[in-house]
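J.: Listed below, chain by chain, are the residues.
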Amino acid sequence: MAQYYPGTSQVAENRRKYTNPDVELEVLREISDEDVVKLLGHRAPGEEYKSVHPPLDELDEPDDIIREIVEPIDGAKAGDRVRYIQFVDSMYFAPAQPFLRARSYVYRYRGIDTGTLSGRQIIEARERDLERISKEILENEYFDTARTGIRGSGVHGHSLRLDENGLMFDMLRRQVLNKETGNVEMVKDQIGHELDEPVVLGEPLDEETLRAKTTIYRCDGEAYKDDEDAVTVLRQIHVTRSQFGYNPEY
Amino acid sequence: MDIEIFPHRILGTDTTEKVLNDIESLDSVKRTVIQGPRLPPQDEIDRIYGDRRIIVVNGEEVELKVKTGRIFVELYDESGIEEIRSICDEHIDTGFDINTSKSQYIRKQRTVTDGLKYGENTEIPDELVGIADTRSKFKDHVSILKRDTLE
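Sequences listed follow chains A and B, in order.
Its first residue numbered 1, the first sequence is counted upward by one per residue in this note's numbering.
Its first residue numbered 251, the second sequence is counted upward by one per residue in this note's numbering.
These are calculated hints, taken from the structure and not from any lab test.
Please read all numbers here as calculations on a predicted model, not as lab measurements.
You may find that some hints are simply not true.
Taking lysine to any residue and the SDA-like style, the derived pairs with C-alpha atoms no more than 25 Å apart in a straight line are [what the hints assert, rightly or not]:
#1 A:Lys-179 / B:Gln-292
#2 A:Lys-17 / A:Glu-47
#3 B:Lys-268 / A:Gly-182
#4 B:Lys-315 / A:Asp-163
#5 B:Lys-367 / B:Glu-313
Kindly generate the complete structure, drawing on both the sequences and the hints.
T.: As structure tokens, this is what we get:
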């Protein structure tokens with residue numbers, strides 16, 4: 001059985017849940033395909049996918065055993081461009097966080113490349129696959145409308161204090177709270193170009209739900225040092241790495 | 251003595267108005283400064299979704315220019331701290347700290363910047379020292395009625 005993450009706390013349990021591709025994540029909201037295209041900002045809704053090479057069927061590729069074993073993803077078959085979506089996760093009990101995203105993406109999705117920084121996490125894939133993956137991530141537990149930001153640029157804010165209404169700071173004001181409906185709306189696409197019509201993302205999750213779903217250890221939530229199992233495994237990795245270069249005999 | 255109220259979240263306009271009104275009504279309070287990130291530019295998004303409005307503190311209209319990240323309060327004596335704590339308990343439901351570790355949070359001396367901004371020989375009243383926005387621009391203080399244009 002695959003061992004995804006050690007620990008006995010709820011946070012560790014959540015980390016295992018996201019990382020295990022056999023677990024189906026709860027769908028929390030519905031965002032239409034057209035809205036996903038709009039907020040990605042890579043092409044206009046309805047516009048054809050631009051391509052960087054002819055479809056693979058039309059290409060005369062050299063014989064290669066790997067090409068026979070690995071089934072190409074749809075975007076690669078069609079020759080799509082590689083595009084991206086980038087998320088910023090607030091430190092204040094956001095459901096996901098960058099390193100968890102990287103680990104779980106590579107377990108869950110094929111044909112992607114991820115880049116991880118302290119506050120943001122980018123995922124790159126062929127355009128049509130990216131749209132499929134983005135829709136999935138935006139609709140399920142990976143995403144909270146207030147604590148997670150879709151930000152291609154101007155990403156600052158993951159470690160800042162939240163606004164009183166629970167929203168994470170965003171210098172470009174892409175995700176804003178509509179006070180009348182209580183929904184978070186996206187008024188700009190991920191790099192800050194204004195949209196004609198706002199995309200309604202839905203209500204933010206309440207504090208209790210976020211604390212139950214979070215994958216972030218915090219001393220005002222579940223502290224890492226209290227999760228003895230996780231600390232023991234981490235220490236063991238650290239010692240074997242530092243002293244023995246991961247030699248399994250030690 | 252000075253204290254700093256440090257809310258765990260950036261306060262919205264309504265809460266700021268309530269807290270300021272209650273703090274200003276206390277006898278032990280000498281003066282109050284709010285500090286924080288600037289409000290976003292006034293545009294269409296701000297008009298629909300923004301939190302900007304003119305608040306009324308002690309009957310006077312005040313235009314908020316920043317979001318309330320911290321509130322510095324200068325007190326005549328320590329007795330006001332508990333009253334301020336109960337005011338914050340009442341209005342700030344997302345948590346706050348009251349810091350008293352520094353001897354002063356509001357600047358009391360005139361600086362070179364004050365001299366440059368208001369003139370070396372101008373006497374600034376003591377109660378105004380330290381409460382002006384140090385990063386404010388010249389145009390915020392001066393109304394330019396007509397610009398010279400170079401032909």
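J.: All hints, please: hold or fail.
T.: Results for each hint:
| no. | hint | result |
| --- | --- | --- |
| 1 | A:Lys-179 / B:Gln-292 | holds, 18 Å |
| 2 | A:Lys-17 / A:Glu-47 | violated, 36 Å |
| 3 | B:Lys-268 / A:Gly-182 | holds, 22 Å |
| 4 | B:Lys-315 / A:Asp-163 | holds, 16 Å |
| 5 | B:Lys-367 / B:Glu-313 | holds, 21 Å |
In this structure, the one hint that does not hold is number 2.
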